[in-house]
Amino acid sequence: MIDTFLTSITELARTSGIAQLFTMDGLLNLAMIAIACVLLYLAIAKQYEPLLLLPIAFGMLLVNLPLGAVMDPPTTVIKPLTDEIQESAQYAMIELQDAAGNLLNGFYQDKNASVSGGLLYYLYQGVKLGIYPPLIFLGIGTMTDFGPLIANPKSFLLGAAAQLGIFVTFIGAVCLGFNYQEAASIGIIGGADGPTAIYTTGMLAPHLLGPIAVAAYSYMALVPVIQPPIMRLLTTKKERSVVMKQLRPVSKVERIFFPVVVTLIVCLMVPSATPLIGMLMLGNLMRESGVVDRLVKTAQNELMNIITIFLGVTVGATATAENFLNLQTLGILALGLCAFSIGTAGGVLFGKLMYLFSGGKVNPLIGSAGVSAVPMAARVSQKVGAETNPTNFLLMHAMGPNVAGVIGSAVAAGVLIAIFK
Amino acid sequence: MIDTFLTSITELARTSGIAQLFTMDGLLNLAMIAIACVLLYLAIAKQYEPLLLLPIAFGMLLVNLPLGAVMDPPTTVIKPLTDEIQESAQYAMIELQDAAGNLLNGFYQDKNASVSGGLLYYLYQGVKLGIYPPLIFLGIGTMTDFGPLIANPKSFLLGAAAQLGIFVTFIGAVCLGFNYQEAASIGIIGGADGPTAIYTTGMLAPHLLGPIAVAAYSYMALVPVIQPPIMRLLTTKKERSVVMKQLRPVSKVERIFFPVVVTLIVCLMVPSATPLIGMLMLGNLMRESGVVDRLVKTAQNELMNIITIFLGVTVGATATAENFLNLQTLGILALGLCAFSIGTAGGVLFGKLMYLFSGGKVNPLIGSAGVSAVPMAARVSQKVGAETNPTNFLLMHAMGPNVAGVIGSAVAAGVLIAIFK
Amino acid sequence: MIDTFLTSITELARTSGIAQLFTMDGLLNLAMIAIACVLLYLAIAKQYEPLLLLPIAFGMLLVNLPLGAVMDPPTTVIKPLTDEIQESAQYAMIELQDAAGNLLNGFYQDKNASVSGGLLYYLYQGVKLGIYPPLIFLGIGTMTDFGPLIANPKSFLLGAAAQLGIFVTFIGAVCLGFNYQEAASIGIIGGADGPTAIYTTGMLAPHLLGPIAVAAYSYMALVPVIQPPIMRLLTTKKERSVVMKQLRPVSKVERIFFPVVVTLIVCLMVPSATPLIGMLMLGNLMRESGVVDRLVKTAQNELMNIITIFLGVTVGATATAENFLNLQTLGILALGLCAFSIGTAGGVLFGKLMYLFSGGKVNPLIGSAGVSAVPMAARVSQKVGAETNPTNFLLMHAMGPNVAGVIGSAVAAGVLIAIFK
Amino acid sequence: MEEITWGNTLSVVLTGLVVVFAALVILIFLVWLMGKIFIAIGNKKNKEQEQQKQDARRQAQQAMADQAKADQVKTEQAGTGQIEEGIPPEVVAAISAAVAVVMEESAPGAAYTIQRVQRAGVGRSAWGNAGLAAQLSPFDR
Amino acid sequence: MEEITWGNTLSVVLTGLVVVFAALVILIFLVWLMGKIFIAIGNKKNKEQEQQKQDARRQAQQAMADQAKADQVKTEQAGTGQIEEGIPPEVVAAISAAVAVVMEESAPGAAYTIQRVQRAGVGRSAWGNAGLAAQLSPFDR
Amino acid sequence: MEEITWGNTLSVVLTGLVVVFAALVILIFLVWLMGKIFIAIGNKKNKEQEQQKQDARRQAQQAMADQAKADQVKTEQAGTGQIEEGIPPEVVAAISAAVAVVMEESAPGAAYTIQRVQRAGVGRSAWGNAGLAAQLSPFDR
Ligand code: NA
Ligand code: NA
Ligand code: NA
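So the protein sequences, as listed, match chains A, B, C, D, E and F.
Going by my numbering, the letters in the first sequence line up with residues 26 to 446, in that order.
Going by my numbering, the letters in the second sequence line up with residues 26 to 446, in that order.
Going by my numbering, the letters in the third sequence line up with residues 26 to 446, in that order.
Going by my numbering, the letters in the fourth sequence line up with residues 47 to 187, in that order.
Going by my numbering, the letters in the fifth sequence line up with residues 47 to 187, in that order.
Going by my numbering, the letters in the sixth sequence line up with residues 47 to 187, in that order.
Rather than coming from a laboratory, the hints here were simulated on the basis of the structure.
Hints should not be assumed to be uniformly reliable.
Stated by the list, open to error - Computed spacing ranges between beta-carbons, pair by pair:
#1 B/196 / C/359: 55 to 63 Å
#2 A/27 / C/383: 31 to 39 Å
#3 B/351 / C/71: 21 to 29 Å
#4 E/50 / B/43: 24 to 32 Å
#5 B/278 / D/75: 16 to 24 Å
#6 B/359 / C/140: 27 to 35 Å
#7 A/355 / E/50: 15 to 23 Å
#8 B/39 / A/416: 50 to 58 Å
#9 B/38 / A/204: 22 to 30 Å
Claimed, not checked - Partner residues are not named here, just some residues of chain B that face chain D (Cβ under 8 Å, in silico):
#10 178
#11 181
#12 444
Ideal Cβ placement from N, Cα and C applies to all residues, glycine included.
Chain A with its partners taken away, still in its complex shape (with noise of 0.2 Å):
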């Protein structure tokens, strides 16, 4: 008996984490737990996007714990049918027949022989198909106010304008070695908006969600300290303090049909948008209607916040050592870096331009917001406006090109998709 008990702890001691911890491969995954305390210090301490930050920093300290498991994917035993098997009804069965319906052959999912995978494998199949960023839009669209964008539409250019970081991080990238579908995933960084980045990324660069989840998360939250000089640089002092007028009321029709004509406009012009969009603007249709109140409550509390747990710890499960502990990583990091500033910094100077045409009534502060990072942006242009001059409310004009900017990078994402999947 003591030698099978030794034998037997001798054995769960090998197949223990801890030895595990002890090789190469367990080096760099002390490493990559080091870095999940780092994130979920941020998160917690500093509230960098708490809401995804944390469950992205859990899953990546529960995938790189040495045997885990919890992102292996299952192995399926099938074995030829036998009638015994067959009368069971026990199993799940498949058979196979020919054009005239003879049964050919036949199989069985040997379930005692087969291994289930892991929780975080099922909970990740929602970000790899592509279903949880989706209905995540969904419950945004429900909490999100278009009308600022409706009352002044030109507010779309800032929100098309910002999107250049999305292009010139995409030429950045592909300097930097990374291949086309890589480097369109890098560049949906700079939409500034995480469900397009996962979405775009779980399509294109699956391998890449973790790093690129990680930076465009942070980033976000680093919105007031990234944006105010880049903002305060390209603008004049005169610039800054333009006070602009008082926007138009928004009749409930209008916030309606908004819903609608977005839908058809982006879906026909780039179908591959249509996920992202479509579920987006269901739920603000949802939300303006009045009708559906019960859903609109539904899709932006327990349905959001469900998905998001699940999309936060899947993704950060896909930060594996060999996913992240590369240059790639520190590649993404800073061309992340690069796309948020960029996109500023075009979302500003095409602020100067329509400042410039419209004869000095557009402060180009709002620019920035089109980066979308919603509310954050907005709030920046805000700030920095009341800086210069303190009477100045610029919240309501930098809301426009804010939500823009979601619809904006949306259409970007879309024609990286159609390009490149």
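Could you slot chains B, C, D, E and F with the ligands onto chain A? The hints should help.
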């Protein structure tokens, strides 16, 4: 570069939805989009069962945007297993073994070559596999008070009589050239019960899900328009002014026994009705037991709302131009109206019978509530009764046949599924 | 017509559940239905863990209604691909290619010939694949206050000692003729933790899910009856009247570090426990971090309630007559009672040891709370303590071992899964 | 059944109607029976309860009088205290512990005990109103 | 497109920017057009509504006066009663039934009818406040 | 391990108990260590906070006095205003904007600025009470 740009942009234009709109199929798509917009109008402005009609209409819109591919099934590419692949443990593998357990052959799914399905395709599986409608019935069970039916069990007869519409319409549909599966699904529109109609159609004739769901929910919204003339035509003023005696109070124990008894009887007699009736009665048992309030709250709110969104959008997404734009749809709309009318007539006529046999104690107007359409049809009974005698409060008496109609049409659906599946 | 009607009605009667009840199997089904009704009575009238026992009992009832087929697996019919099918793009296709990418053969799933599975079969996959129990642990983590355990970490020892019941019962089950997998699953009943028991049994011996879940939840409800006599028997009056000193306050930082530390240690030592412990600790981290309140609210309410309904009904639905009506079930019920009793004794005896070594500062009554059964077992410690000394408030001190017991039994489950899976 | 004939069609209709009516008629009988049984039981219980209620009212008056007295005298009684029957012991434990925690904060180390635990009154359940409200619930399938 | 060349890369960038701008410029035009149309319609409607509001105010004053009179006289009027236009008949039915249930309990068997059903006043919707609150919602993607 | 022998069985039991105890003993050590560290840190911080609190109290009294004065004098001060440290600038922006929207409605076109943004007082967190309430939560697995 300009060359490749032009190639790229024309390729994108060619694969955009706009180009497709100018084909023959595209015109049909345009027509479907117009229909979707009309349904949105009915859902929002006229408040025709908006909780389902709004998602259905939007799903219809999305699926008819050319190349959106939101309902496309996935294509799975399976390749023979190589040692390299087997070691990487990155893929879902299928190992084919002989009876002795030797590996005959192995396959793996090549994820790069495989194309994943559209968003709505995956969400649609809950309709196709018959999962959503029973879960909605779970929520409905938690919201249904069977008290009036327990207090006056004879109401069950009216709930049975009003199913006449289902079977007469079945004959009509067969005469119009529908096959038995289609005719049965069309008949169930007369059950005036959305989830039952969708469950039956999903089982028997999924290609008709779009028109049948639209017909079912539209006519349910139109119950206050369809029923009153039929009710007035078939009853005398004397019958309509019958005041029924107050229902007895129902004890908690009876309310708890009721769902168990109904489950046992109905599921034993008509096993195919088990998913619908079982879940309806589980919900009701949870409600009446009073010991699982937190589950009840979730089943009737968040779970039901999530399923309603998914069900609505994906049922709408079955309504492709091919499935919807044909004479069959017109036939279904006409037959659905017949089904509602004949069901109403069946209930009222059986009510007259009960009026006779009870010596004038039963007001035949409560018979029309037997079609279900809870609680609209019961309110119609109340309203028509109040026209003749404003002091007459039939609502509680009509709730008996009303909820009996839910059980009645689930039984009818079970019978038809058992025969034709 | 009368002929076909008679054929049809007799066919329907033959395929109804009633006919089946008058077979040998039918009688067994009737017995199971009776058992289900007894469990419903216990859940509703006696409030034995109704949140799970009510759904379990109803699932048991549904699956034993003959021919209801709610737990039937699907039958998939795969046919060779024809050009016609390939073009229609209506089917989920499998293309078999050789290494060079040439199409060797193609198959498609013939949806008309395939039979989809029952409702509960699909919902059951969450149990079979080990998805539901960790998600319930996520919710439990958001509701658990580990403060008393952090304040007095020695409580961990009591949470370990109370797992004695698991291992002694394992021996007992082996002696009664159960195989190792079954014996391990039965032993885990002594963990007094529903999700852990269901997770382990789902992994090792899914055919025993019904009796094990029933035993686990029944005995958890009976903790106030089972534990006190054992506690009184094993302790002296002097021991029971020990007043423990007030616990120190625990800082927020400690509370945040705790889940991370536990995850690292436990998941590294026992990787098989990762899904359970990882999700429990993610939930707790979300709770204690205070930055993701909206996720916490959903995880502990709606997500947990939805999963609880699905888990309960489908675990109940594994209790077919074949699986449940045999001597094994009686053995499991007896062994489960032993497991609870021995676990209680183990905790109390170790408590006496701590009483000795601490010089009388530890009240051994808090040892019984180490079985988990949160928070019932801790309340029992409080109650039995108050019998001897009414001014003695042991509740907070008993919460330490109580929540340690949750971790302890998850570790024990991990060890058993690692050895026997 | 695939071939479309009048015989088949009408047979389906007849089968359907017969089964629907049969199932619901059986339910009528069982629900009616259930009603009879529970009304009979209920009447019996009601009489007993009526008696109990009167007793309870008398007790309550007595208790209130006691309370008034107790308040007047303001003597501190040590001992087990009075705990209304039917309150589960865990609830008592919980309340005790809650008191303990609160007291510990304001006067650490003091010893005390629970004097009395009583339920707050429960209003009559207005069956008609509640049922009606449920019927008029906003989710019309 | 897999081969990495400067031509391909720049063409992707150009394509992307052109499509994004094209889509959003079309949206600008349509949303602007929509605005023009609905503002035009809205102005027309507003004038009508202004008129209606004045009428309603006059009616309401009249009604309050009537009510005061009615209260003074305290005559029981039988008949159909007054029901504000625009209240759907089902709601009226529901209110009626609710009253019926409640009345039945307090005075069983009495006959009564609904005298008046009016909407409670709706406060003005403060567009600015509501919109702003939504913008500042706590869930920052 | 499939073959059932006493050796195997007992070895499983021993392994299980050893691993469970080992894991939890390690946790005891780490949690105890964590406690020591954070209590040490906490004590240090507490002293500093104590100091700060006193300062804050003094400041608050001062501020109240100022406020009282300000109210008396009722002079309108223009300028940047006082903003409590530690309030994130976005929150200030949000509050400013909210004020702007509301003011715009009541007095369009007026210019104004934020004078003072202070946190409302936070009550002391009653650890014992809150912890206890959580423990007694209604969902008993
Ligand atoms: Na963007
Ligand atoms: Na019906
Ligand atoms: Na335990």
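If you check the beta carbons of residue 50 of chain E and residue 43 of chain B, does the distance land in 24 to 32 Å? Since residue 50 of chain E and residue 43 of chain B have Cβ atoms about 30 Å apart, the given range 24 to 32 Å holds.
Determine whether the Cβ-Cβ distance between residue 39 of chain B and residue 416 of chain A falls within the hinted range of 50 to 58 Å. Once the Cβ atoms are compared, 53 Å apart, the range 50 to 58 Å for residue 416 of chain A and residue 39 of chain B holds.
Could you tell me whether the CB distance from residue 196 of chain B to residue 359 of chain C stays inside 55 to 63 Å? holds, 60 Å
Chain D contact restraint on residue 178 of chain B - CB to CB distance below 8 Å: holds, 4 Å
Could you check the hint for me, namely that residue 27 of chain A and residue 383 of chain C are 31 to 39 Å apart, CB to CB? holds, 32 Å
Check the following: the C-beta atoms of residue 359 of chain B and residue 140 of chain C are separated by a distance inside 27 to 35 Å. holds, 33 Å
Is the gap between the beta carbons of residue 355 of chain A and residue 50 of chain E within 15 to 23 Å? Holds: the Cβ-Cβ distance is about 21 Å, inside 15 to 23 Å.
Honestly, do residue 351 of chain B and residue 71 of chain C meet the 21 to 29 Å range at C-beta? violated, 59 Å
Hint validation: residue 444 of chain B versus chain D, beta carbon distance must be below 8 Å. Holds or violated? holds, 6 Å
Does residue 181 of chain B pass the interface hint, meaning its C-beta sits closer than 8 Å to a C-beta of chain D? Given a least distance of 4 Å, the restraint on residue 181 of chain B holds.
C-beta pair residue 278 of chain B, residue 75 of chain D: status relative to the range 16 to 24 Å that was hinted: Given range 16 to 24 Å: holds, Cβ gap about 18 Å.
C-beta pair residue 38 of chain B, residue 204 of chain A: status relative to the range 22 to 30 Å that was hinted: With Cβ atoms ~25 Å apart, the hint holds.
In summary, the one numbered hint that this structure violates is 3.
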